[in-house]
Every structure is written in C-alpha cells, then in structure tokens.
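Visitor: The task is simple: from the sequences and hints, build the whole structure.
Number of protein chains: 2
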Amino acid sequence: MRKNYLLTPGPTPLPPEVSQVMGRPIIHHRTPQFQKILKEASEGLKYVFQTQNDVFIFASSGTGAMEAAVVNLCSPNDKVITVEAGKFGERWTEICSSYRIDTEVINVEWGKAVNPENIRQKLKTDSKIKAVFTTLCETSTGVVNDIEAIGKIVKETDAVLVVDAISGLGAIDLKTDAWNCDVVVSGSQKGLMLPPGLGFISVSKKAWNLIKIANCPRYYFDLIKAKEALDKVDTPFTPAISLIVALNESIKMIREEGLENIFRRHRIMAEATRKAIKAMGLELFTSPECASDVVTAVKVPQGIDGEKLVKTMRDTYGVTIAGGQSELKGKIFRIAHMGYIEEFDIIVCISCLEKVLYDMGYKFELGTGTKTLEEVFLENKIL
Amino acid sequence: MRKNYLLTPGPTPLPPEVSQVMGRPIIHHRTPQFQKILKEASEGLKYVFQTQNDVFIFASSGTGAMEAAVVNLCSPNDKVITVEAGKFGERWTEICSSYRIDTEVINVEWGKAVNPENIRQKLKTDSKIKAVFTTLCETSTGVVNDIEAIGKIVKETDAVLVVDAISGLGAIDLKTDAWNCDVVVSGSQKGLMLPPGLGFISVSKKAWNLIKIANCPRYYFDLIKAKEALDKVDTPFTPAISLIVALNESIKMIREEGLENIFRRHRIMAEATRKAIKAMGLELFTSPECASDVVTAVKVPQGIDGEKLVKTMRDTYGVTIAGGQSELKGKIFRIAHMGYIEEFDIIVCISCLEKVLYDMGYKFELGTGTKTLEEVFLENKIL
Numbered sequence: 509m510r511k512n513y514l515l516t517p518g519p520t521p522l523p524p525e526v527s528q529v530m531g532r533p534i535i536h537h538r539t540p541q542f543q544k545i546l547k548e549a550s551e552g553l554k555y556v557f558q559t560q561n562d563v564f565i566f567a568s569s570g571t572g573a574m575e576a577a578v579v580n581l582c583s584p585n586d587k588v589i590t591v592e593a594g595k596f597g598e599r600w601t602e603i604c605s606s607y608r609i610d611t612e613v614i615n616v617e618w619g620k621a622v623n624p625e626n627i628r629q630k631l632k633t634d635s636k637i638k639a640v641f642t643t644l645c646e647t648s649t650g651v652v653n654d655i656e657a658i659g660k661i662v663k664e665t666d667a668v669l670v671v672d673a674i675s676g677l678g679a680i681d682l683k684t685d686a687w688n689c690d691v692v693v694s695g696s697q698k699g700l701m702l703p704p705g706l707g708f709i710s711v712s713k714k715a716w717n718l719i720k721i722a723n724c725p726r727y728y729f730d731l732i733k734a735k736e737a738l739d740k741v742d743t744p745f746t747p748a749i750s751l752i753v754a755l756n757e758s759i760k761m762i763r764e765e766g767l768e769n770i771f772r773r774h775r776i777m778a779e780a781t782r783k784a785i786k787a788m789g790l791e792l793f794t795s796p797e798c799a800s801d802v803v804t805a806v807k808v809p810q811g812i813d814g815e816k817l818v819k820t821m822r823d824t825y826g827v828t829i830a831g832g833q834s835e836l837k838g839k840i841f842r843i844a845h846m847g848y849i850e851e852f853d854i855i856v857c858i859s860c861l862e863k864v865l866y867d868m869g870y871k872f873e874l875g876t877g878t879k880t881l882e883e884v885f886l887e888n889k890i891l
Numbered sequence: 509m510r511k512n513y514l515l516t517p518g519p520t521p522l523p524p525e526v527s528q529v530m531g532r533p534i535i536h537h538r539t540p541q542f543q544k545i546l547k548e549a550s551e552g553l554k555y556v557f558q559t560q561n562d563v564f565i566f567a568s569s570g571t572g573a574m575e576a577a578v579v580n581l582c583s584p585n586d587k588v589i590t591v592e593a594g595k596f597g598e599r600w601t602e603i604c605s606s607y608r609i610d611t612e613v614i615n616v617e618w619g620k621a622v623n624p625e626n627i628r629q630k631l632k633t634d635s636k637i638k639a640v641f642t643t644l645c646e647t648s649t650g651v652v653n654d655i656e657a658i659g660k661i662v663k664e665t666d667a668v669l670v671v672d673a674i675s676g677l678g679a680i681d682l683k684t685d686a687w688n689c690d691v692v693v694s695g696s697q698k699g700l701m702l703p704p705g706l707g708f709i710s711v712s713k714k715a716w717n718l719i720k721i722a723n724c725p726r727y728y729f730d731l732i733k734a735k736e737a738l739d740k741v742d743t744p745f746t747p748a749i750s751l752i753v754a755l756n757e758s759i760k761m762i763r764e765e766g767l768e769n770i771f772r773r774h775r776i777m778a779e780a781t782r783k784a785i786k787a788m789g790l791e792l793f794t795s796p797e798c799a800s801d802v803v804t805a806v807k808v809p810q811g812i813d814g815e816k817l818v819k820t821m822r823d824t825y826g827v828t829i830a831g832g833q834s835e836l837k838g839k840i841f842r843i844a845h846m847g848y849i850e851e852f853d854i855i856v857c858i859s860c861l862e863k864v865l866y867d868m869g870y871k872f873e874l875g876t877g878t879k880t881l882e883e884v885f886l887e888n889k890i891l
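So the sequences go chain by chain: A and B.
First residue of the first sequence: 509, per my numbering; consecutive thereafter.
First residue of the second sequence: 509, per my numbering; consecutive thereafter.
Heads up, some of the hints might be wrong.
Copies of the same chain look alike in the list, so a pair counts if it fits in one copy or across any two.
[Claimed, not checked] Below, a list of computed lysine-lysine pairs in the DSS-like style, where the Cα atoms sit at most 30 Å apart:
| hint | residue 1 | residue 2 |
| --- | --- | --- |
| 1 | Lys733 | Lys587 |
| 2 | Lys587 | Lys720 |
| 3 | Lys620 | Lys783 |
| 4 | Lys544 | Lys819 |
| 5 | Lys714 | Lys544 |
| 6 | Lys760 | Lys511 |
| 7 | Lys660 | Lys683 |
No lab work stands behind these hints, which were simulated from the structure alone.
Guide: Structure, rendered in structure tokens:
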C-alpha cells in the first residue's frame, strides 16, 4: 500500500467533493439545467476573481486563455510590453510573437520580481503601447509580482494590464477590480482545485474598447462571440460540462472557507515551508521579498542530484513535488502549497524530503524540518 | 423519481465505467505514470481513427480541433474548398474567413449530402486549392457524406482532405488511411462516450508537407509544437488529465465491442428509429440515401409545436432529444443514437415521443413506434 501526495504547482489535488461530482451523468449544455449551472459558475468566478466584470470560461488549458487575451486585445504590429521573470512570462512573448505583435520585453532575473518602476519607464517611451502582459505568480521561480503596484501605473496610461493568474488565483490575493487589472486569465488546475481543462478570462470595460478594434485572427477564442453567448447564458461552443459542474463544487468550498481565510492558510503554509527549508540548512531560490505563498523554490544542495531527489520522492514514496524548468532544471526543486492542501500535507512532504535527502547523504539533523513546521503551525492555527 | 435519458448528438451519455474513473485522484502530467496513459491514449485513438498517423489531443472542444486544422494547413489568402451541407459545414467557412483564407463554398441543400463530383469539378477550376474541408456526419441535418468517394477524388490532386468527424467517429465507419483522409478532427463527447473537453486531430504525411509551409498565426493549436511534444510522450501545455484517463477507459470498451460491431449496432438502431418514425406517420427530414446512422432528423408534423415537443419530453419525462438548429429551428427534431446507446434507450425515446405527440393531439395509432422497434430489433439482434 502506498498513498500518493501531490504538491505540484498544477495540477493540485482534487477535494473528494469535487472528484465525486465529476462522475455524475452528463447533461446537455443547451438546457435550462445547464444554464443554471453556467450562471452559478459565472457568478462564482466573479467572487474568486474579485471583479464585477464578466468572466468567460473556455474549454482549454490556461495557455488557451492566455492566447485569448493576446488575440482579442491586439492587432499585428501593435506594440506591447511583456514581463519575463520566468518561463510563464516568456510564454506571453512567445504568443505575441506568433501573432506578429511587437513586444518590448522587460527581462527580470529569475528568482526576482519585476520592479514596477521599470514598467512605468517603458510605458513612457511609447504612448502607443497597447498592453502590459504580466504574471501574478511565476511558478517556475516561486516569485509573486506586485500586481497592485503595477496596476496603479498602467491605469494612468491608455494601455491595459493583463495578468496571468493561472497560478495563484483563489490561493493568494488578486483584487481584479480594485487593483485595476483589465484582463485576468486563469486555469482550473491550481487554486481552483479542479482537473485541468478550463481556462478563464475576465475583461474590463477598458479592455473591451481594445477588443472592438483588435484584428488578430481568432475564432475559438473570440471574446465577442463568447460575450454574445454569455449574455444568453450560453457558450459559443460545447463547453467542458463535467468540469464546469465540478467548478461549482469547488467554488462552493472556496466560499465556505472564505477568500481571506484561504489566503491566510496559504500564507502560513508558505511561511512554515520556508522556515523548515532554512532550518534544514537548505537555501531558498526566490528572493525573500517576492517569495510567493503558492510555491516554494529551493536550491538543490551541492553534491545532491536534484532530478534524482524529485524522482525518488515520487517513485519510492508517492510524494510528487516539481523539479526546475528550463534553465533551472536540476538546480532547484519546488514544493507547491496551493489549493486543496493543508498543514499535514506539508508535514508529509517535508518528512519525505528529509528522508530522501538523508538517504542521499545530505548532512543535517533529521527531524528539524518537521519540527519547524509544527512550531509554525502551533503559533499560527489553521485547523 | 425520474430517470434521465440523453439522446442528443453530443454530449452523449457516459458509461458508468467512464464516469467512475473521472473521480480518480488527479496525477501530474509530467510523470512516467501519465506518460503511460498518454501513450495508451495515442495508440487507442489510432485504432478508433483507423490510422497509422499520429493523433493529437487538445484540451478543447471539437471546434478547437477544427481551428487547429485550418491554422496549421493554411496561410492567409490560400484558396480552399468548404462543403456546407449544414451548420457544421458552415463552421469551416467561418473559421477560414476569420483567418482570411479564401473559401470556395460548395452549397448543399440541407438534408442532402454533397455530390463528390461537385468537389471534383471545383478542384479542376484551380490547381492551387490547398484543402477540401468536409463533414463526416452533419448532425444539424442528419446527413452522412460519402467521405470514401471524396477521398478518391482529392487524393488525385495536391489538395488535402480534411474531415470533421466530430460526430460519427467511433460510431460509424471512417477509414482515415484507407479512404485517404489527410486530416480528421473529432471530439470526446460523441462516439467516444466522454464528457466534452477533448479535441482530436490526425495528420497524414501529405498534410505535414502543408503544415511546414503554412503561416497562419497559431500558438495553442500549433501542431508542430504538439508533434515535438508527442515524440517525447508529452504535451506542449497541461493536458485535460482526467478526460484522457477516461478516454482510455472508453477506448477499452470500444476495443472490447470492436469497431465493426459498434458500426452494426448504430446501423440497426438507426434503421429501427427511421422505421418507427415512418410507422408513426412522421416524415424523415434527411434524404434516405444519405441518412446517417448516428442521428435521425424528423420533420415536426403540421399543427405540432416542435419546440414544445422537445421541451415536454425533456422537462416532463426526462428524455432529452435535440430540436432543429439555425434555419431548422422548430421545424425538425433530432434523435441521436450514438455512443453509449442501445436498443432499450431507443424504446424509451420513441415511447416518450409517442406519449407526448399523442397528448399534443397528433393522430396516430399509439404503440406503433415501439412495436416497429421491437420488430427490427428481433430481426437484427444487437443484444
């Protein structure tokens, strides 16, 4: 017998309440029953997004929703800013380039957040910049960007602020309206505790003005068609029905716990994880001032094979964490504490990490990690 | 207590075996466990598609896979043929137009199949035509097109044949390779007996030659990225994991029954439905020579409110069939006999139709429909 524990930055574990409804008989999408479900989902997403704007649901992964943002807001040869502080920031640039949109890239050292002032400076160089593409939580590096500060800057210009909140939404604070985020995209398999397969996108009034004139070609991800359909409580194409049914279940759980409590839970889990890592003599990869509450990136200690560490935890013990991506492959490992995760999941994960590191010859006092977690969790009650 | 019966042309009912695995704990997609599942799914799809070509899986509805076909094969201003024999044929034209591709439309009267000779003629007018976009089963009209004949014609030219087999694949015969179909697209919620949320696309060698030079902008649906990933048993973006796990379950069921038996079951159910409809004095909408085996379209008899008929069957009796779409709204109703449907589902559906029509004042001998079904099912044993 071996139990499996999933502590990856997407997919995140499914609550049994969500798993169960996935097995319900399918219903047809052009029926009053489904309209009721879709309406509930749309309203629920507004709560999670902290917005009064419409939130649209695509049958796609989060990247599909990112592409929707680009093709609906821009025209070829438009100039935009993309913030690259990791793999997912780079994705904005890649999508824009695919559509021949001119990107002004702000490069940020991996492991650090973007300095909002750099965005202000870049915006000043060209008043024709249409959009600023950013990332809430750069899961490749564990960084959270200061979207609130960026929002204040972009608000003063004609550009719209687009936030990839695929990682983070529903787990850490993102006030779409209050922070002036014009377009926020997300996905189902992170803070929303669902299987992957749904992409979300919220659209402000300022963004709609751009959408009306944008002429990137688009069909499946066309927001104008999506809006016409949503106004009739419909979707332009067959929606991913079972995932939307499950979405309502997860939103119900989110409402019950309350966003503020959820954010607090993630804050405490992140703090505990970081402290435990440091107590074990390990080094955090992410700069402390911008370490996200959804994933903790840790440097692989000298003499340890990082890929083997992740593999052993997963294949021998059933505890799945993530390795490094792109240039960080083998150099870091990442522990996600996002979604349907509470303190005992972190205990299991750090306990397993201790065991495997110990076996691999890393020198530290066994039990330090879990003890540190217990201390933090005693001081900051979640349960 | 009321049971629900779904006889719509997508979504189709889920087998309990499939529903059950939807509730399994989620696993991470970049693991050997998921690679095994993805490999099994890819091989299984080749069986269902009857192809040796790669079949790619998108997290999208079928329309997403249609868009993938267009943007990967074509460049703006390319000339292509689209066959419009109903709503889904029109969709090809719409997608092409969105990407500024020049469409030569072959208009077919709704309820009839395209004459393959018209495609031959149109192809002769311009040797630069890049692709012919067709529909296997036009669910809006109940028509099945003669893809085999079209394949023989297109094969002799430089154009590729693209088949929308969203409705029909895994239920009626489509020999991708033997019939020279270069690109076949499908979706999960029809013959494959899954919830909606997966789009499939198979690609022939001839099609790859076009893909290499096509320059429609694309990112999420880019097949070159998908191919690079698939060669490493991976996907470019987070896949719809739970649906792919369920896909393997449904393919297992399809393999167990065997494609030929499945096609026969659908043939018998369609024949029985058509005979029952005629026995009740109702008129079939679709020309008999091209009536599909997956959905039967019936003219709403004079004096009967077609929308009310569908609504009453669904809301009072729990039997969901489909009304007419676009110009056929209120004029026809459609009974799907596709996927996880067997003879007693048809019995229930026709019994309900009889009851509701009787109540609405339609004159016919009560019981004729179900009796006719029994006769056909006695003569042609499925169970």
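Visitor: Does each hint fit the structure? Answer for all of them.
Guide: Results for each hint:
For the homomeric pair Lys733 and Lys587, the shortest alpha-carbon distances inside one copy (25 Å) and between copies (25 Å) are both at most 30 Å. Within a single copy, Lys587 and Lys720 get their C-alpha atoms as close as 17 Å, and across copies as close as 28 Å, so both meet the 30 Å cut-off. When the C-alpha separation of Lys620 and Lys783 is checked against a cutoff of 30 Å, the pair qualifies only within one copy, where the shortest distance is 19 Å, while the shortest distance between copies is 70 Å. Taking the shortest Cα distances, Lys544 and Lys819 sit within 30 Å of each other only across copies (16 Å), while inside one copy they are farther apart (44 Å).
Within a single copy, Lys714 and Lys544 get their C-alpha atoms as close as 29 Å, which meets the 30 Å cut-off; across copies the closest is 46 Å, which misses it. Taking the shortest alpha-carbon separations for Lys760 and Lys511, both the intra-copy value of 27 Å and the inter-copy value of 26 Å come in at or below 30 Å. Taking identical chains as interchangeable, the C-alpha atoms of Lys660 and Lys683 lie at most 30 Å apart only when both belong to the same chain, with a minimum of 12 Å there against 58 Å between chains.
Checked against the numbered hints given earlier, this structure breaks none of them.
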